[in-house]
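These protein sequences, in sequence, are chains W and R. FYI, in our numbering the residues of the first sequence are 80 to 443. FYI, in our numbering the residues of the second sequence are 4 to 398.
Keep in mind that the hints are not guaranteed to be accurate.
Stated by the list, open to error - Distance condition first, Cα-Cα at most 30 Å in a straight line; then the derived DSS-like pairs of lysine-lysine:
1. 205/R - 164/R
2. 204/W - 241/W
3. 329/R - 364/R
4. 118/W - 83/W
5. 120/W - 277/W
6. 197/R - 248/R
7. 151/W - 118/W
8. 204/W - 115/W
9. 329/R - 299/W
10. 313/W - 329/R
11. 366/R - 360/W
12. 360/W - 248/R
Stated by the list, open to error - From chain R, some residues computed to sit far from chain W (all C-beta separations above 12 Å):
13. 94
14. 128
15. 209
16. 252
To be clear, the hints were calculated from the coordinates, so they are not data collected in a lab. These numbers were taken from a predicted model, which means no experiment stands behind them. Backbone N, C-alpha and C fix where the C-beta goes; we use that ideal spot for every residue, glycine too.
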Amino acid sequence: MKIKVNKEAIIDCLQKVQSVINPRNALPVLGNVLFKAEKGKLELTATDMSLTVRATMEAEVIEAGTTTLPAKRIFGVFRELSVDEAEMEVNDQNIASIQAASSYFRIHGISEADYPSLPEMEDPKTFSIDQAAFRNMLKLTSYAASVDANRPLLNGVLLSFKAGKLSVVATDSRRLALVEHEVEFPADAGMDLIVPLKTVEELLRTLGDSGTLKVLATPKQVAFEFDRILIVSKLVEGTYPNFRQVIPQATGDRVSMERETLLTAARRTSQLVIDAVSGVKLTFTKNRLEILATAPEIGEARETMDVKYNGPDIGISFNPAFLMDPLKALTTDEVFLDLVDDTSPGVIRSTISFVYVLMPIRLT
Amino acid sequence: MQTPLPRRIIHLDMDAFYASVEILDNPTLRGRPVVVGGSCQRGVVSAASYEARKYGIRSALPIAMARKLCPQAVFLPVRMARYQELSQRIMAIFARFTPLVEPLSLDEAFLDVTASQTLLGTAEEIAARIRMLVREETGLTVSAGVASSKLVAKIASDLDKPDGLTIVPAGSEEEFLAPLPIARLWGVGAATRKTLALLGVKTIGDLKKLPPRILAAKLGKLGPLLVDSARGIDLRPVEPEREAKSIGNEETFATDLFDLRRIEQELLALCTRVGRRARRHGLRGRTVTLKLKYRDFTQITRSRTLPAASDDEQTLYTTGRDLLAKTEAGSRPVRLLGLSLSSLETAERGQLSLFSPTTKKEKCRRHLSHAIDAISSRFGEGAILPGKLLATEKE
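The following block holds chain W by itself, in its conformation from the complex:
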C-alpha cells in the first residue's frame, strides 16, 4: 500500500473514528485503525466491537492495500507534521513508513486479517431523515438517558419509527424527554430501536448541518450513513418502557416563561443546592415565579421573575439540573410548564414538538 494524503483531511477522519476505541480493550488490534486504500479513496475504520465508525476521504492511491495502525500513535504523527502533504507506504510486514518534508516515521502495524470485519446486516429496513433535524432531536433528548449501568434499557435512546413519524425518547425514570418529527416510510416498516448512549454521543459528534441521513436497521443492529461516514452499532435488546403512559394527558395549569431567564435564574439558585434530594422550590403566583433554594447551615438563594400565569398559587420542587437540562437543549424563546400539583409531574413544552416530563421532589 502506498498513498499520498492531505494532513488536515486525515486528521479530521482519524478524529471521527478513533473516539470509539476502548482504551481498555483486550485485543491489541482493536487499538488500531483499519486503513484501506483503493481507487483514489482512503477508508479509515475503528471499532470497540459494539460500535464501528468508518470515515472515507480522498487520497492519491499509488498502490492499493490494507493494514491496521495504532490509533493514538498515528494520529499524533499526522497532527504534528509541519507540512500539508504526507506519503505513507506500508510493506508486507505491516510496517508503515511516513515521509513528509524533513520528517520520517516508521510505525509497526498489525495485519488487516486480524481485524474484525464489519457485521453483515440482513434485510435491513431503511429510513431517511434530514441530518441536522436528527442531530437536534438527539440533542433535545439524550441528556435524559440513564447512566446507571444497572438499567441497560434506559442507557439508550429510543428511536421509534411509527405512524409516519420518528419519536426520539430518553428517560432515567425521573424525567423523560420526547421529540417527534415526520418521516416518510412504508406503513409496514415501523420499528423501535434502542441506540446505546455511546453511539448517540458519536452521532452528536459527527453528524453535519445539512444533507440526508440514511438509517438501516435490523432487530439487533443499526447503521447510520451520512456524508462520508458510516456508523454501525449494536442495539440495546429488550422492550423500552411504555413512554406514552407517563406523559400526562390532563394539562392542568399552564405557565409561560422566557426560557433564557428561567435557565439563568435556576442556575443561580442551584449554587445553594447541596444534594440531589433537596432541589429548588418553584412557587407560582399570579404572573410571578419565585425560585428558592435553602441549605441548612449553608444559606439560601432566592430569585423572582415575571411569568405568564393565571392559575391558583402552587409550589413544587425539582432537581435544578433536571430543570435546566431541557432549557439548555432548546433554542426557542418561550417555554411552557404545565402543572397539576406538587406531587404530579411537571411538563415542559415548547413551540416545537417537544415534551419533557419531570417528576418533582417531595419535601414533606
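Position chain R against the provided structure of chain W, taking the given hints into account.
Just chain R now, with coordinates in the frame of chain W:
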C-alpha cells in the same frame, strides 16, 4: 488558635449481651452455661454466657457442636425484639455523655468524649460513670476501653472482660500494645498471622522491630497499615448514626431445601420481613439481591435493579423469584437463602419516579401493606400472613 485536645475515645462492649439478657429475665439461669442461638439444629451460637465459654463455646459455632461440647448448657432461641429494647436503653445512656456515639451493633459502641471532659470529668471518670449507670438502670454489665483512638480503645475494652475497665493514657499506646498478640490488630487473620510467625513476629511489639522493607515485601499494602496500628495510630473519627446501606434478611434452613416451591415459600417469608422493615424505617430500595448458599457452602448472589425504588414485598418477591430462576435452586440442595434491598432512599422525601406506583392496583397494594403492618405491630409478627405461608407455619 487553641491546640486541639488529645482525643479520648471510649469503646463500650456489653458482656455476652444476648446471654446476659436471658439471665436477667430469668435469674434462675445465673451461674449456668447459657447459649443463645438459632432455634434449629443448623443454627449458630449468637452469644454464650461466660460459664458456657469455659466449655469452648463461642459465637458463630454451630449449635450442634455447642451441644456436644456442653450438653448440660441451657439453649435458648434469639429474642431480637427484647435485645433491641435493652440496646436502645443502653445507647440512650451513652448519649447522655456525648452526641458522638457510633453504634457498631446492638451491644457495642464508640464514644468520642474529647469535648465532654470539660463538663463531665475525665474520660476515665465518664467511662466509670457509664458502667455504673448501665448496671443500675438495666442490670447488665459493660466492659470499657478508654484510649486516644478507636483501634486502641477497642482492644482495651476486650482485655479485661467481663465487667472490666481498661485505660490507656495518652502517649502510652505503643507500650500498651507491645506485649499483646499480633492477632489483636485489625486485619490480621490466620494467613497474615502465619506469615508473621515465620518472620518471628508474635506480639504487636515484634512487628515494629521488622524493617519496613521486609514488611512491605511480605504483606504488601497491609504492611505500613499494620505498623501504624502497632504504634496505636488510627485517625478514624467516631461517626455517629451511620445510615443503613441495605436492609436484608437471611435464613439457614434446618435441613437443606430441594423443592423449588418450598424455596419460593421461604423467599416470600423473607420478602415479607424485608418489606416490612423497609416500610418501618421509611426507606425504599432500588437493588434487590438474592443470596444463596448450597449444601457444599458455595455461596452466590444475584441482584437486579428495579425501575423505581420499592418497599413492596410483592415487587421484592417477583424480582427475587426471577433471580432464583437464574440459580441452581431446585436442582442443587440449598442451605441458606437471603434477600436484601439496597440503594436505599428515603421513601417520603426525595425524587419521585415516573414509573412508581401510580396504577390503581399498585396503590391498593400499598394500602394493603400498610394495613398488614398495622395489624402485625399490634398483634405480633405472624398474626397475619400471605396464604402461601400458612402451610409452613403449621409444620
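- Task: Compare the distance between the alpha carbons of residue 151/W and residue 118/W with 30 Å, and conclude whether the hinted pair is satisfied.
- Result: Holds, at about 26 Å.
- Task: Evaluate the condition: distance from the CB of residue 94/R to the nearest CB of chain W exceeds 12 Å.
- Result: holds, 25 Å
- Are the Cα atoms of residue 205/R and residue 164/R separated by 30 Å or less? Between residue 205/R and residue 164/R the Cα gap is close to 22 Å, so the pair holds against 30 Å.
- Item | Given as non-interface: residue 128/R, partner chain W, CB spacing beyond 12 Å | Holds, because the least Cβ-Cβ distance between residue 128/R and chain W comes to about 33 Å, which exceeds 12 Å.
- Message: Can you confirm whether the C-alpha distance between residue 118/W and residue 83/W stays at or below 30 Å?
- Response: holds, 13 Å
- Task: Against chain W, does residue 209/R hold up as non-interface, every C-beta pair farther apart than 12 Å?
- Result: holds, 43 Å
- Query: Hey, residue 366/R versus residue 360/W, does the alpha-carbon distance stay inside 30 Å?
  - Reply: Distance ~27 Å between residue 366/R and residue 360/W Cα, so the pair holds.
- Message: Can you confirm whether the C-alpha distance between residue 204/W and residue 115/W stays at or below 30 Å?
- Response: Judged against 30 Å, a Cα distance of about 28 Å means the pair holds.
- Message: If we take the beta carbon of residue 252/R, is the closest beta carbon in chain W still more than 12 Å away?
- Response: holds, 22 Å
- Message: residue 360/W and residue 248/R were given as a pair; does the straight-line alpha-carbon distance stay at or below 30 Å?
- Response: OK: residue 360/W and residue 248/R at ~28 Å, within 30 Å.
- Message: Checking one constraint from the list: CA of residue 197/R to CA of residue 248/R, max 30 Å. Satisfied?
- Response: violated, 34 Å
- Message: Hinted pair, alpha-carbon criterion (30 Å max): residue 329/R, residue 299/W. Please report holds or violated.
- Response: holds, 24 Å
When the structure is compared with the earlier hints, a violation turns up for hint 6 alone.
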